[in-house]
Structures are given as structure tokens and as C-alpha cells.
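Protein chains in written order, with the working numbering: chain G, 1 to 273; chain Z, 1 to 424.
Quick caveat, the hints were computed from the structure, so don't treat them as lab data. Misleading hints may appear alongside valid ones.
[What the hints assert, rightly or not] Here are the simulated EDC-like pairs of lysine to aspartate or glutamate, each with C-alpha atoms no more than 20 Å apart in a straight line:
| hint | chain 1 | residue 1 | chain 2 | residue 2 |
| --- | --- | --- | --- | --- |
| 1 | Z | Lys143 | Z | Glu101 |
| 2 | Z | Lys286 | G | Glu176 |
| 3 | Z | Lys6 | G | Glu213 |
| 4 | Z | Lys6 | Z | Glu97 |
| 5 | G | Lys185 | Z | Asp27 |
| 6 | G | Lys207 | Z | Asp105 |
| 7 | G | Lys185 | G | Glu146 |
| 8 | Z | Lys286 | Z | Glu405 |
| 9 | G | Lys185 | G | Glu154 |
| 10 | G | Lys229 | G | Glu213 |
| 11 | Z | Lys369 | Z | Glu97 |
| 12 | Z | Lys6 | G | Glu232 |
| 13 | G | Lys207 | Z | Glu100 |
| 14 | G | Lys185 | Z | Asp31 |
| 15 | Z | Lys64 | Z | Glu184 |
| 16 | Z | Lys286 | Z | Asp398 |
| 17 | G | Lys229 | Z | Asp51 |
| 18 | G | Lys207 | Z | Glu97 |
| 19 | Z | Lys177 | Z | Glu198 |
| 20 | Z | Lys185 | Z | Glu60 |
| 21 | Z | Lys143 | Z | Glu100 |
| 22 | G | Lys185 | G | Glu174 |
| 23 | G | Lys207 | Z | Glu101 |
| 24 | Z | Lys143 | Z | Glu97 |
| 25 | G | Lys229 | Z | Glu5 |
| 26 | Z | Lys269 | Z | Glu356 |
| 27 | G | Lys229 | G | Glu158 |
| 28 | Z | Lys163 | Z | Asp330 |
| 29 | G | Lys72 | G | Glu261 |
| 30 | G | Lys185 | Z | Asp105 |
| 31 | G | Lys185 | Z | Glu30 |
| 32 | Z | Lys218 | Z | Glu149 |
| 33 | Z | Lys190 | Z | Glu5 |
| 34 | Z | Lys6 | Z | Glu150 |
| 35 | Z | Lys143 | Z | Asp105 |
| 36 | Z | Lys6 | G | Asp238 |
| 37 | G | Lys185 | Z | Glu24 |
| 38 | Z | Lys218 | Z | Glu257 |
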Amino acid sequence: MSYFAGIDIGSATTKVAVIDDNQILGYKVAPTGVHCEETAQQILGDLLKQLELPEDAVERVTSTGYGRRLVKFASSNISEISANVKGATWYGSQAGVTVRTIINIGGQDSKVIALDDSGVTKNFAMNDKCAAGTGRFLETLCRIMEINVTEMGEVSLESTVPIRINSTCAVFAESEIISLLARRKAKADIIAGAHYSIANRVARMVKRIGLQETVFFDGGPALNCGLKKALEDELVTDLYVPPSVPQVTTAVGAALIAREESMNDELIEAESA
Amino acid sequence: MDAQEKRRRLANKVKVNLAMTVREIFDAIEDEPSRPQNMAYFDRIFKTFTDGGKGAVPREEGRKLIGTYCLFVPEEIIYAAGGQPVRLCAGSYDSTEVGEEFLPDVACPMVKSEMGFSALPVLSFYQDCSLVALPASCDWKTKMGAIMEEHAPVMMMDMPRIKESEASREMWLSEIKRFKREVEKVTGVKVNRRRLREAIRLVQRAQVEFDRFHAIRKADATVISGRDALEVLNAYFYDHAESWTAAMSLLNDELEERIRNKTSVTKPKAVRLMLTGSPMVFPNWKIPTVIEELGGALVADEFCTSNRYLHDKVAVDEGSVNDMLHAIADRYLLPCTCPIFSTTVDRRDRLLQLVEDHRVEGVIYHTLKGCHPYDLETKLTETLLRDNGIPMLRIETDYSPQDVEQLRTRIEAFMETLTGKRRG
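Kindly generate the complete structure, drawing on both the sequences and the hints.
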């Protein structure tokens, strides 16, 4: 049995996934911190221990994410677009879903990826210039409202009429939200409003790229059922969120690529032998 | 997703966004310090837009809903035939996106918005109409009928453009008579002399209250905000004339009391402004809101959706149905200052009268993008007002909330010019 690992170094969190020849064995998420390579090493080690695998069990590591080139122990690195596509299409095929569009909302960026009929990237749009429409915005909200990120979704679903958040910048939105709280507006309505605000921004990116069903939704915020609902309302389509932790789809994709590359290497060796 | 499901979801999207827009407006209104108590009756009508417009239009058992556009369709005839009129002119940005599927980009936002509401079930009174009377007033309205036919029972009404001739008068009268026959078919009630006379009086009673309101706004003290003035007339689109009249009467009593107490919603010596041009329908209140946030007093308007709506009276000469129909036809055509007509004289006179009666210091000329009739009269109006010493600010915009800050800057600068002019 061979083991492969994918490491997704995001700006906020690092995700590690370990797979074997047949299935996903496990994954782990932790804050990236300042020293990416050390963090990646640490998380991988912890995960292997958890899986009761030896330290050197992993045959090949592929890294992705903004810090991918800093992971010296990775055999290869790949863009997060490709890794995300790999992971999403894999999850899709497992579920019998044809993925044609991917919406990824990360800690500090958000992307929309359009795939052609053979599952290859044909276009993508990214918002990496500002925090509006990203996980960071939601975290800020939670901090101000003193609720847990995991509670946001459920709370927002209680809203009957969301409050529109007008600020397009996450920093100004913070002031706007504080003022709403001061005027005793319901938290559910404010959170729902924030969700629609993000959905609106994502919808504009989707419009540039073109929406084709089925739309796959991943990244940490995909766990937020309220955000999912807002996106579904604005995009007028159902979103598919993988049943496992959607935050690790890209890391899984990187691990799958590591496995593929390993198989290719074997083939090449076999041919030249 | 099948087409039916997609349609339902799209309607839901518009509904959610419209609800947020309406909520935003009324949340802000809550914070206003000196609003007349009796505005609550009118607020209720618009708050129903967060929930499909349920309860906005009175739906008495069996009453047929007759939709209208513009201010050319005689409500007297609808009431006389036992129907309930509802004016369908729309002001929602959220439904314009849907309308854009049917209309060219350059179409005015109002027709896009109306088209959106007609094509998707968001506000129920659009779908509940048994007949929709659509006057071929401007180019957009003329063509909108054919596009809308699939979604609503449209009856086009032909309109003269040169109203001064006897031929025009007769043509319009025959259209009114045709309208009457169609409404009778829908409601199953014949418009006889008694019913028509009563209906004319019903609308006249509403007009009496409007006249009081109009006079109240001439006072020195701005006892009601311009936005609220737009609101109460906009409410007449939906409400039954009888209940509207009763509510207006209470509001007018309260406002007359305010005049006596000198209770003003603006600071003393606030700059007195008038709005004219393409109409502003709820929830498109961004401009009156900005004006009043800047401390301006919006004392008058010349909108077909507001100040002009109940202005002109039916002058009944003789008591027969035919004579009453003549009077009704004339009332809805001859004094109308809509720029779709070739003449500009009536509008010119009305604008000057309003400026004088309400001691207006500056006029804001509002054109919706794609609204050619109003656009065509901009220069004429600017010259007319300048010749009478009244500065004018031109604003061209649509329903999008994106340009509010630019508008704020321009209106603020305009108001500063007017204040400067006083000192000079």
C-alpha cells in the first residue's frame, strides 16, 4: 500500500490530506502561522500519528496554495486552481455529480472556476485584492457579534428579512454592522445580510465566468448553511457541497495529483526498463 | 433544473432582494424624529412589499382587479363597473434585472421593472389582474404590450400625441368607450348613470383631500417631508379611493395643526426645492431621501405619480352616461402635462405656477435613462426657468443605488448655490 499527501497552504489555514492507493484516509486543518514549511511538516506529522502510520510512510507529497513553493519537502507543487478542480471533480464523480463550475470561498480570497465538458479549467475569476466576500469578513462579524463561526449559518436561517449591508469593503462593513447592533437590529438579520452581501459579490464573478450546472461549493465557509442558501438564492441554482470537510477539497486534490504523478513515474520507469 | 423551477427560484431572488430594499427604507424612516403620526397608514401599504404585496390592494370578495399604467386610464370607470383599480407603474431596481431579459438595455428602468413584475410572481397584484389597460403613451409602453401579452391580459389604448385637435378628442373618447366595454365584460357590471356619477364623486372626494394637501405644502413651515408626500400619493396606486380619502383627511388635519404650531420637518430657512421629470415610484426614493438628508425642503413636485395624479377634475356638465364619459375623456387628456404630447405649453405653465405657489428656489430635473419624452423637454425647461430666475439641476439616473453618493455631492453643491444666491 502506498501513501500520498496533499498540502494546501492557505493564507489563513493549512490543510493536509493523506490518501492511499484507494481512498482518503484522513485530513487535518490548522492555522498557517508565520513559518509555512514548519507548520506543514508539523500538521503532516500529527496526521500520520493520528492515522497510526510511520513518519516516513508518505511516498510523495504535492503542495498547493499560496505558500506551496515554500514547502521544500514536497516533490511537486501545483496551483490551487488545478488542485481544487482535481479534488472537486473527484468528489463529484464519487457522488455522480457532473461538476462544471466551482465556487471556492477561502479565508482571504474567493474564486470561481469554470470547467469544460472534459472537466478541464476553461476560465476562472478570483478576488484576492480585498477581504470582502471572504472567510475573513465572516470571522470579523463573529468577533463583533460574539458568536461562534460554526453557529452563523443556523442563526442566519432564522431571519425573515435580511438587512442589506451596503459597504463593499470589509473594514467599512465592520463599522456598519456595529452601528446596526447599536440600533438593536436582530443578529440573525445582520448575519443573513452579510451572507447576501458575499453572495452578491460572488454572483458578479460568476456572471463574468458564466454559470453552468452543477456548481460545486467548497472552502471553509461552505460549511455555513446560511451562506450556501444566500448563494443559491442569488445564483438561482442548487450548490453541491461535498459531504466531508469542504475546506480540504483542494488538499485532497493535491494528494490525488501526487498519486497520479507517482503512477506516471512508475509507468515511465517501466517503459525505460 | 426545469424552467418552472428556475422561474420560481428567480422570483424568490427578486422577492428577497425587494424585501431587503423595503426593510432598509423603513428602518431608516424609523429614526426620523418629527414624522406625522398619520403616515403609519400609508407605511403599512408599502411594508407589504416584503411579503408579496399581500394586503396592499383591497381584495373584496369577487372584485375584479383592473391594472393600469400611467395616469390616462379612468379609475372612475373601473369603480363604476365594480372593479378595483391598481396602478402598476414600478420603481424596483430588483425586478429590472428580470425585465432586461425581455427589453433592450437602453429601455427605461421603469418598463424593465414593470416587465419583471409582470413576468414573475413577486408582487401578487400583478398576476391577479383580470385586465391590464396599457396606454400607448411613450415608445416603451407602446411596445411593451406585445411583450407583456404572454404574462398579462393586456388591453392597449391608443393615444393622440397632438391633443389640441377635435379629432384627437374624439379618438380618445372612443378609446375610453372601448375601455368601458372591456371593463364591463370583465366585471359583468354595466356602467349606468348612477354608478358612474357615484364613481366620479368618489374620486372627487379623494381630489378634495389632495387639494388640501397641495395647499398645505405651500406653507412656510415644511410640515411634511417631500418623500412622505410622494409616499401618500404613491399609496393611491393601491388603496381604495374611499379608504385613502379617509386616511388623507386625518393626515391633513394633523398637518394643518402642525402649520398652526409651526412644527417643521426641516430647519427654518431650509432651501425650497421642486422635483420634475421622470417619475419616482416606491422604492426608488433615493433622490428625495438625499435631498432631505442634506437638509433641503422638498416642497413640490410635478410627477405624474404624485402631484399630477389627482390634480385635474372631471367637470360634469350633463347627467347622461355619454356626457359623463365626455367629461372623463377630456379630463384625462386635455390638462395632462405629460411630455409624450407635442405641446409643451401646459407643462410650462404648470411648472411656473408651482414655482410661484410653493416659493420654489431651485428645480431638480430628473430624467431616467432611456426616457426620451422628459429628456426632450430638459433644455426647454432649463431655459424657461432661467428666464424666470430659477436655477435648475439636471440629473440623469436609473434605479441602481450605486450612484447615490455622486448624486449627493451634486445636489449638495446645487443647494449651496441656492443658499449663496439668497445672500447675494
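Would you check the hint for Lys6 (chain Z) and Glu150 (chain Z), treating anything up to 20 Å between C-alpha atoms as holding? holds (18 Å)
Restraint status (C-alpha distance of Lys143 (chain Z) to Glu101 (chain Z) at most 20 Å): holds (15 Å)
Could you grab the alpha-carbon distance between Lys185 (chain G) and Glu146 (chain G) and see if it respects the 20 Å cut-off? holds (15 Å)
Holds or violated: are the alpha carbons of Lys229 (chain G) and Asp51 (chain Z) at most 20 Å from each other? Judged against 20 Å, a Cα distance of about 19 Å means the pair holds.
Could you grab the alpha-carbon distance between Lys218 (chain Z) and Glu257 (chain Z) and see if it respects the 20 Å cut-off? holds (15 Å)
Tell me if the straight-line CA distance from Lys207 (chain G) to Glu100 (chain Z) falls inside 20 Å. holds (15 Å)
Does the alpha-carbon distance linking Lys143 (chain Z) and Glu97 (chain Z) stay inside the 20 Å limit? holds (19 Å)
Between the alpha carbons of Lys286 (chain Z) and Glu176 (chain G), is the straight-line distance 20 Å or under? holds (19 Å)
Has the given pair, Lys185 (chain G) with Glu24 (chain Z), been kept, meaning a C-alpha gap of at most 20 Å? This hinted pair holds, its Cα atoms lying about 12 Å apart.
For the pair supplied as a hint, Lys143 (chain Z) and Asp105 (chain Z), is the alpha-carbon distance within the 20 Å limit? holds (15 Å)
Between the alpha carbons of Lys286 (chain Z) and Glu405 (chain Z), is the straight-line distance 20 Å or under? Roughly 10 Å between the alpha carbons, so the hint for Lys286 (chain Z) and Glu405 (chain Z) holds.
Lys229 (chain G) and Glu158 (chain G) were given as a pair; does the straight-line alpha-carbon distance stay at or below 20 Å? Holds, at roughly 12 Å.
Consistency note: the structure conflicts with the earlier hints numbered 30, 32, 33.
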